[in-house]
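Colleague: Residue strings, one per chain:
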Amino acid sequence: MTDTAQAGGATAAGTEGATTTREPQPAQPPGSNGSNGPNGEVLLDVVDLVKHFPVKSSGLIRRTIGQVQAVDGVSFQVNRGSSLGLVGESGCGKSTTGRLITKLHEPTSGQMVFDGKDLAPLSGKQMLPFRRDVQIIFQDPYASLNPRHTVGTIVGTPLKVHGVVKRDKVIPRVQELLEFVGLNPEHYNRYPNEFSGGQRQRIGIARALALQPKLMVADEPVSALDVSIQAQVINLMQDLQKEFGIAFLFIAHDLAIVRHFCPEVAVMYLGKIVEIGPRDVIYKQPHHPYTQALLSAVPEVGQATVGGRRERIRLEGDVPSPVNPPSGCRFRTRCWKAQNICAEQEPPLYRIAPGHQAACHFAAPLGEERTVPLSAERQQAAV
Amino acid sequence: MSTVAQSADATAPAPARQSDGEPFLVVDELTVKFPTFDGVVNAVSELSYNVQLGKTLGIVGESGSGKSVSSMAVMGLHDSRTARISGSIRVGGTEVVGLDEPKMRKLRGNEVAMIFQDALTALHPFYKVGHQIGEAYSAHHNRASGDQVHKKAVEMLDRVGIPQPDRRIDDYPHQFSGGMRQRVMIAMALSNDPQLLIADEPTTALDVTVQAQILDLLQELQRDFGSAVIIITHDLGVIAEMADDVLVMYGGRGVEFGSVKQILSQPLMPYTWGLLASVPELDSDPTQRLLPIPGTPPSLLSPPSGCPFHPRCRYRDHVPGDLCVRELPEFVAPPGHPDHLKRCHIKDPEAVLSDNPLATGAQP
Amino acid sequence: MFGYLVRRLIGAALVVVVTSMLVFVLFFAGPSEPARSLCSTARCTPATLAGINHSLGYDQPVTTQYLVWAKGVVAGRTVSFGPNVDYNCPAPCLGISFQQRLSVFDILKQRLPATLSIAVGGAIIYLVVGVSLGVLAARRRGTMTDRSLVGSSLIISSIPYYLLALLAYLYLVSSWGLFPNTGYTSPFSSPVGWISGMLLPWLVLGLASSTTYARFSRGSMVESLSEDYVRTAKAKGLPERRVMRHALRAAIVPVVTIFGLDVAYLLAGTVFTERIFGIQGIGLTGLFAIQQEDLPIIQATVLFGAVLVVVANVVVDVVYSIIDPRVRLS
Chain A
1 MTDTAQAGGA
11 TAAGTEGATT
21 TREPQPAQPP
31 GSNGSNGPNG
41 EVLLDVVDLV
51 KHFPVKSSGL
61 IRRTIGQVQA
71 VDGVSFQVNR
81 GSSLGLVGES
91 GCGKSTTGRL
101 ITKLHEPTSG
111 QMVFDGKDLA
121 PLSGKQMLPF
131 RRDVQIIFQD
141 PYASLNPRHT
151 VGTIVGTPLK
161 VHGVVKRDKV
171 IPRVQELLEF
181 VGLNPEHYNR
191 YPNEFSGGQR
201 QRIGIARALA
211 LQPKLMVADE
221 PVSALDVSIQ
231 AQVINLMQDL
241 QKEFGIAFLF
251 IAHDLAIVRH
261 FCPEVAVMYL
271 GKIVEIGPRD
281 VIYKQPHHPY
291 TQALLSAVPE
301 VGQATVGGRR
311 ERIRLEGDVP
321 SPVNPPSGCR
331 FRTRCWKAQN
341 ICAEQEPPLY
351 RIAPGHQAAC
361 HFAAPLGEER
371 TVPLSAERQQ
381 AAV
Chain B
384 MSTVAQSADA
394 TAPAPARQSD
404 GEPFLVVDEL
414 TVKFPTFDGV
424 VNAVSELSYN
434 VQLGKTLGIV
444 GESGSGKSVS
454 SMAVMGLHDS
464 RTARISGSIR
474 VGGTEVVGLD
484 EPKMRKLRGN
494 EVAMIFQDAL
504 TALHPFYKVG
514 HQIGEAYSAH
524 HNRASGDQVH
534 KKAVEMLDRV
544 GIPQPDRRID
554 DYPHQFSGGM
564 RQRVMIAMAL
574 SNDPQLLIAD
584 EPTTALDVTV
594 QAQILDLLQE
604 LQRDFGSAVI
614 IITHDLGVIA
624 EMADDVLVMY
634 GGRGVEFGSV
644 KQILSQPLMP
654 YTWGLLASVP
664 ELDSDPTQRL
674 LPIPGTPPSL
684 LSPPSGCPFH
694 PRCRYRDHVP
704 GDLCVRELPE
714 FVAPPGHPDH
724 LKRCHIKDPE
734 AVLSDNPLAT
744 GAQP
Chain C
748 MFGYLVRRLI
758 GAALVVVVTS
768 MLVFVLFFAG
778 PSEPARSLCS
788 TARCTPATLA
798 GINHSLGYDQ
808 PVTTQYLVWA
818 KGVVAGRTVS
828 FGPNVDYNCP
838 APCLGISFQQ
848 RLSVFDILKQ
858 RLPATLSIAV
868 GGAIIYLVVG
878 VSLGVLAARR
888 RGTMTDRSLV
898 GSSLIISSIP
908 YYLLALLAYL
918 YLVSSWGLFP
928 NTGYTSPFSS
938 PVGWISGMLL
948 PWLVLGLASS
958 TTYARFSRGS
968 MVESLSEDYV
978 RTAKAKGLPE
988 RRVMRHALRA
998 AIVPVVTIFG
1008 LDVAYLLAGT
1018 VFTERIFGIQ
1028 GIGLTGLFAI
1038 QQEDLPIIQA
1048 TVLFGAVLVV
1058 VANVVVDVVY
1068 SIIDPRVRLS
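Chains as they are written, first to last, in the numbering used here: chain A, 1 to 383; chain B, 384 to 747; chain C, 748 to 1077.
Keep in mind the hints are simulated off the structure, nothing from the lab.
Even for Gly, the Cβ is constructed at its ideal location relative to N, Cα and C.
Treat the hints loosely; a few may be bogus.
[Claimed, not checked] Have a look at the derived ranges for each label pair, beta carbon to beta carbon:
1. B:ASP666 / A:SER109: 38 to 44 Å
2. C:VAL772 / A:HIS149: 54 to 60 Å
3. B:ARG606 / A:PRO348: 54 to 60 Å
4. C:VAL1058 / A:ILE313: 57 to 63 Å
5. A:LYS242 / C:LEU1076: 29 to 35 Å
6. A:HIS149 / C:GLN1038: 51 to 57 Å
7. C:MET891 / A:PHE53: 50 to 56 Å
8. C:LEU1076 / B:GLN671: 26 to 32 Å
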């Protein structure tokens, strides 16, 4: 009685354990572009991306009475083979951003230059070659796999649709992929309900991996999983990244996991990026009050050894409605630093250090106060 | 330190036996089984713990660990037709196991109240929040007039920090934000000043900044009401901030128990080690790989023999022979660790740890 | 909420108009030759036939015919069956019956109370009985009560309705004479007569359909009993009865939906009921009209059925928004 005795889980569970110690496979990896693309080369360049969803009135004639400004002018870059983390609370637009990049939503405006080509204006047909290169992993491993299809069909369909391999080579290829994500390749004819949550997420990853994408959008890939399983999936994604040079846009609300996975992090609030920069800067020296508040709200295990709860920045109230965001800086209604200028002028992303930007008139490390708004200070400096 | 730590006895008494006045909640050898077509689901097996007034017990575990099932048993919420419950649960001296429904109903929501994970599904979508809170109050105050009930509902909404409570009382749950809904849930649970509050994943569905608000509120309310609190969560960070004592559950059993400091900084049991090593921290080294627990949680239909964790345990070779496979370890305190219970055959956990530096995310 | 209702009503009106067109085209293109039923077989020459067709406007294109018909509905018209055979058909004019030479609207108006009596009475019985049994079975899920309720409901619903009604008539009325005065009396002239006359049709129609509703509301209730908010209600210490009310409030929503969809089936039921119990309702009128090729009446009864289904769906939507505040307030 040493196995876990779960339906279909016994063999796969063993493989799951093995994943963590598996040596990188020297044999032909699914993605052959792993070696090119030195770090620093931009794969995806998003400029001023906007997505507004119309809000209809409830009257007799359903006029459009407003816009949900889900994503409102977001710019960032993802380097080849690297990871950018998008963090923020529900409704900040991080998931919408991910769906825009995979063209599950059509952007209202803005550019998404992928490998030198702007994807934003492309129609469904024109997108086809790029759909191979950009894949998405969804949050809910239970809802995102069709329960009536076998794992072989789920993982094999993209191969057939894009004609990646010959028809008779689909099954061997699927088995190769399953083995790669730490599942038993013999299980290709089983159905999703025969797998545990962590194993289903591996199936989702295998499906995304099938087309050897250059970019994977991972939308809360582990938040539906048990704690002990989360680490298995995170490690798997890191292995894939290392071996095939896949870039990740990693969307999550869990700040610690984003920090663990992504060397670059962008913090979103109400449809805007409020701070973006290298992981060490964002987590150790955040300049935007929202980032500071967010980080300080995370409960930490280390707290137990100190005893008692630490002082934290407490944000009052809730996130305002994205239909009617506050004027000027969107965070000002909950910000302890807010002054008149914050309501009048929307703060641009000020450059704090190379690669580090914060959208706050009074951006400063925690504990330091700034009396003059950054714009005024910089003007003075220029004079 | 709500339970065992109170006792000066260094040789680790079972947590359920307490000499100096019984704690408010005593769970003793609780077993919950659900007979199904596929066999008997052993959801909770011989679980013992207790909580004193004014103290918070954190129960940690993953899905299927039995953490929610055991607290539902404390509330008497299991259907007697589908659940087989044995052992003892004493709430304020009253034996709950086998208690008849009218008496149980008097206890429920009155002396013991519960808040659930997702307030959106836990509140009835078709009733106004004022009605739902008022109902909780009037269920235990038969003689309260409609006016009194209304006033109580407004007072409770105000108490949990909902602005304009006299107006919001006529709103429906879907008109509140997630955090505000959870406040409504708390208001409802506290409307009869319960002495024991069970919070089942109270902040899991919430954003971090809102989670911080709700945790603050819970702590403040506990200070004011002086009640005993059980907080059930999978988030060790929440445990660190809220709990006095921690019970780690796995496969329906308690596997480690101690003060929050003992559990989080000196854990003595491989499953707890695994939990701590598999979550990254805000200050851990991001270049270090996470150390997951291999495999999947055990089946409750046919639990593993011996130690429930042995199929996933990396440290089995520290135990001679096949003891882990054959024999269920007892839930006792090892020498030198009074009041810190563990269910593990490893004799010298500290030595094992020093061989395998366990700093979060460390390589094995 | 108001805007929603108005939008819904406009939609319903459109559906009725489109249905009337479809019904019209259907009968226009259909195999029947209405003029022949007006043309007495003995003296029917092709010339008379053409004359009748002409005076009825059946030689016009279908659009013209429809417009004339539609104008009659709004403003009334004069229907001519031949030279000097003119009938005045006032405002909601649905035509003149070929056989009875009366305004179809008046005929239907006269028959409506009987049909409505059957339908409404039967529906009340099957809703009340069906939902109550369903709730009972859900509460006792897995027990003997549950199994015998589900089992007997399956047996009853496997018997075709007309057979059930026929058996009820043969035994209860003909053989045993338990319901001697079955038939329609106006409730305004004799309430007691109305009830005693309609009781058997109500019971037969109501109990036969209640089995479907019992099984359906059982399923809905079982689901709602496992909802988190029902657990919350229990956790508050509410008495069993109140907990059930919480569950039922949610469980009733799908039942209401089914009821709306079911109105067409209910009408079919009333046709059988009228036929078997000899009640002069719209269904029976329609049946006779088909035998006699009385086209205007057939058309009007079909349209009546369509209107009733549409109205029922609007009512269901309104009931929805009363039950579920999320519909009302968004």
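Colleague: Which earlier hints can't be squared with this structure?
Modeller: Result: hints 2, 3, 5 and 8 break, sorted rising.
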